[in-house]
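Novice: So you can see what is in the structure, the chains are spelled out below.
Protein chains: 2
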Amino acid sequence: MDITVAVDCMGGDHGPHVTVPAALEFQKGVPGVDLVLVGLQDAIEAELRTRGAAAGPRLRVHHASQVVTMDESAATALRGKKDSSMRVAVNLVKSGEAHACVSAGNTGALMAVSRFVLKTLPGIDRPAICSVLPTMRGRVYVLDLGANVDCGPEHLLQFGIMGACLVAAVEHAENPSVGLLNIGVEDIKGNDVVKQAAELLRASGLNFFGNVEGDDIYKGTTDVVVCDGFVGNVALKSSEGVAQMIIAALREEFKRSAYSRLAALVALPVIGAFRRRMDHRRYNGASLLGLKGIVIKSHGSADAFAFEQALQRAVEEVKNGVPQRISQRMALLPPPKPA
Amino acid sequence: MDITVAVDCMGGDHGPHVTVPAALEFQKGVPGVDLVLVGLQDAIEAELRTRGAAAGPRLRVHHASQVVTMDESAATALRGKKDSSMRVAVNLVKSGEAHACVSAGNTGALMAVSRFVLKTLPGIDRPAICSVLPTMRGRVYVLDLGANVDCGPEHLLQFGIMGACLVAAVEHAENPSVGLLNIGVEDIKGNDVVKQAAELLRASGLNFFGNVEGDDIYKGTTDVVVCDGFVGNVALKSSEGVAQMIIAALREEFKRSAYSRLAALVALPVIGAFRRRMDHRRYNGASLLGLKGIVIKSHGSADAFAFEQALQRAVEEVKNGVPQRISQRMALLPPPKPA
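Chains as they are written, first to last, in our numbering: chain A, 835 to 1173; chain B, 835 to 1173.
One should not assume that every hint holds.
Since the list can't tell identical chains apart, any single copy or any two copies may satisfy a pair.
[Said to hold, decoys possible] 16 Å max Cα-Cα, derived EDC-like pairs, lysine to aspartate or glutamate:
| # | residue 1 | residue 2 |
| --- | --- | --- |
| 1 | 1023 | 905 |
| 2 | 1153 | 836 |
| 3 | 1126 | 959 |
| 4 | 1023 | 906 |
| 5 | 1153 | 1074 |
| 6 | 862 | 1005 |
| 7 | 1023 | 984 |
| 8 | 1126 | 931 |
The set of hints was computed from the structure by calculation and includes no laboratory data.
All chains, full assembly: derive it from the sequences and hints.
Specialist: Written out as structure tokens, the structure reads:
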């Protein structure tokens, strides 16, 4: 199967300086994937020339005259920038010219544009942002990470289904376990939304583990962790914050004295291995799940290596038909009760 | 001023084996603080004997015949165990025989008992759990960490006031900055509760910084971070989880090969300094704020060193009159609008 991925080359903090070299590097490593570079044609072609590369049938340039900035509101991006690189990249998925698109542009705008252009799958009320995170045992998929800040129980159920479908598809896991993020493992813990969500998840036919707590994310207690977008976003950013603090403290201690700088030299291979293991760039590429199409959000500050991982993730989702799987699974749910 | 602290000796995972040696060690270091050891008299006295110590006028034993277990519900502890060490310790604060109490017992029960016995301060609807956490710059106080899972805007306002009073008291900070935990710094971010809370905080006369994100906790952006207890609990436990994962990965890398084990030996003093710096035991002792009395919650798994820190925290709050300060500050607020 030949796969085509549309790349929003203008999104992110670095635009074509990162997205174009990432695209070139990606194509070297992964054969059989065509890329469409979407954005200001001159900027993209200049960047290709700098790298001694040129467009061709497998690496096309698709001009889009506008750029969504990182601090632009979703509404402005949606209404005011119909020829933005982000919008055009998503349009290519809609029209079938691309199987997926990848953007490092601003999350709110990408979600709004994707939802408007692609629409949600039947039975899905709201798309969710799902990221893969490292754990002590392997990896975990967490959703929602910020698209939905006021979730009802049925939304959390839908997130559970989407997360389980994603893991089944890309990790080839038979019956992924799903945990519900809560402040204790007992059934009586948490707020009403979480308690009702637990009931829905228990009756869903998913491999529902029950409640999990914040530290279970990194213990790898379950394959999927489901939460409201507000909670998920805070959990993710708190984790990033504490990780940065620990790494900074370690660095400071290794610089403190002549002896510790010597120790750092001796420990360099070990610290290098540790850093590679903790490299968050390897996990770059969040899925916008629940849409009639595949949209991958790269971190805005991604470098070329990180952006390549997001392209890789897009390809994995295409190969494994993630939206189709979600659709099929949703069809198995009993119809919702009338409100 | 002579200070008396009641110690729930039976609470926590280890009971008197930890609380009694912690009390003895604490009194060696801090003169002028009397302790009342509350719990099963035989168990406490046996533990004292093991340590070659004995009760006396400054280290009294106060018998309580029941023990609240770690997995007991708050309702059972409250209704069924009126002579528990936890309840009796809180009673001693109520009667004025102690200025504060410290317990490593289960959080839900301690909160319920404290609230029932001591009552909340005027204007405070719900007590909150406030912990101090390390940051890149110093320390931050975060509340609520799990007592309240469905907060309204006015509760978040009250948390802001209580947190600011605590920091002003124990850190002797003039006008502590207060951040509101959100999923973006812009005013339009977040759910309705957070948006309304921001308005209340802005009008409160506090040094309100505005919205902060999860990573701002550990960046030390503000002195106080305010959040719903569900969100705060998840943020705290996620942080603990990622920290444990990073430390475990570092340890594994230093054990991987003969060379890395040698490097570990060379780096031992550096790693030791790093470990001391990251030692979460130093931050043990969460405040139950908003009560007519001082109650400190130690981590259930605390060792003697950690439990000592919680005793120290109780003394600091007594010396600096934390409940009185909160009371005075609440009196400055305009009366609430009739519902």
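Novice: Going back to the hint list, which numbers does this structure go against?
Specialist: Hints 5, 6 contradicted; others consistent.
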